[in-house]
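Participant: Listed here are the chains, written in short residue letters.
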Amino acid sequence: MTEGEPLIRWDWIAGHLDELAFRLGQHVELTAIAVGVGLVIAFALSLLILRTPRLEAPITWVTGTLYTIPSLALFALLVPITGLSVLTAEIGLVSYTLLILIRNIIRGIRGVPADVREAAVGMGYAPRELLWRIEVPLALAVIIAGVRLATISTIGLVTVTALIGQGGFGFLILIGIQRFFSTELIAGAVLSVALAIAADALLVLLQRRLTPWARAA
Amino acid sequence: MRLLGDTLRWFTDPAHWQGSDAISTRIFEHLELSALAVAIGCAIALPIGLYLGHTGRFGFVAVNVANVGRALPSLALLALALPLAFALGLGLGFWPTLIAMVPLALPPVLTNAYVAVRNVDGDVIEAARGMGMSEPGILRRVELPLGLPLILSGIRTGAVNVVATATLGALVAWGGLGRYIVDGLALQEYDRLFAGALLVAVLAITVEVAFGTFERLATSPGIRAERAAF
Chain Z
1 MTEGEPLIRW DWIAGHLDEL AFRLGQHVEL TAIAVGVGLV IAFALSLLIL
51 RTPRLEAPIT WVTGTLYTIP SLALFALLVP ITGLSVLTAE IGLVSYTLLI
101 LIRNIIRGIR GVPADVREAA VGMGYAPREL LWRIEVPLAL AVIIAGVRLA
151 TISTIGLVTV TALIGQGGFG FLILIGIQRF FSTELIAGAV LSVALAIAAD
201 ALLVLLQRRL TPWARAA
Chain G
1001 MRLLGDTLRW FTDPAHWQGS DAISTRIFEH LELSALAVAI GCAIALPIGL
1051 YLGHTGRFGF VAVNVANVGR ALPSLALLAL ALPLAFALGL GLGFWPTLIA
1101 MVPLALPPVL TNAYVAVRNV DGDVIEAARG MGMSEPGILR RVELPLGLPL
1151 ILSGIRTGAV NVVATATLGA LVAWGGLGRY IVDGLALQEY DRLFAGALLV
1201 AVLAITVEVA FGTFERLATS PGIRAERAAF
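Protein chains in written order, with the numbering used here: chain Z, 1 to 217; chain G, 1001 to 1230.
For reference, chain Z alone in the conformation it holds in the complex (with noise of 0.2 Å):
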């Protein structure tokens, strides 16, 4: 952005390796700490909502607000409380997480066929086991699906959270935009992308390996 000066500095990047290899590093972990607790937390409040649908409301509802922040106001609503931390960044994405982990998660378990669920019952299955060994395999499909937008949405809010002093590839990003280095910031843009992409592809292939059955039909 600087007269004369390249777009892309490859000298730059050669000479980074090290750099970028610990900021992915940073990105991924922040990453799969954010979906791992969020499909987690997601999973406990599926089972609530399938036992009391009368709480599907509120906390759709909730999910929701949470999910209508922006997210550079969520980090900074938390950051007086939480601090430049860790812990700051990820309170904000697994809330992010959350509405869409829910949506599939539910989703799936109620799109298992009421004769499978019967015969299932029939066959004297207890409930719990109804529904990790019956109703969990059959909508393994509908929740990897949500697991992907959440994997891809995450990765793209970890960028931001290079303000709060986190951020993995956004670090990258905000410091190339601070020094006016457009080889840094286009190098933090494009490897955020391609790690979304390559996230992506690997839940595709984890998909295929966990429901073989989904591929025959």
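If you're looking for bench data, these hints aren't it; they were derived computationally from the structure.
No experiment lies behind these values; they were computed from the predicted model shown.
To give an idea of the chain Z side of the interface with chain G (calculated C-beta under 8 Å), a few residues:
1. L7
2. T65
3. T68
4. I69
5. L72
6. A76
7. L77
8. I155
9. G156
10. V160
11. I173
12. G176
13. L185
14. G188
15. A189
16. S192
For every residue, glycine included, the Cβ atom is placed at its ideal position computed from N, Cα and C.
Following the hints, put chain G in place on chain Z, whose structure we already have.
Facilitator: Only chain G this time, still in chain Z's reference frame:
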């Protein structure tokens, strides 16, 4: 609790209601840029979405655009818009922010416009054609009014996206409400930071609710009755 007191004092300080950094100025800036970005987004995406929906062509692309859109990291978009704005000689601030916001509004508008037109009952279109309506007439007088609720909800999603993300414009020296957050973080002034975050959150939710209300009002009574029947 001190934080809440400080924030309240920040809001009631008359200095924050005057000049170029006044709360009202920042809200206006924020809404102005967002409205422009959404308008440009609609001007591009609506004709494409409606046309594709009417002809039924490229359905796969039209539907998947929305998924791609959700994957666009906002900060990365802003980062890529910055060198672009410089290459075009537009400089910092307003332009790179606008360039980064338009792609956020496009996907939901395009996909919803496509789906809205596609979902119109085939019998109704056949009847319109049988009555001698022209193809543009069908699009304008049958498909558009019937698809309006979905089209509007696409615009709502796009608008909320843009209002939320325009906050990041402060990073490239634009104004808007993100100014308070970015400056608050930089100066470690938590009252300003907290107030800015509250303002942005409230603005995003207000836009969402306002659009929702408008959608209900704009839905033709015929469709409303039909929906209520289900």
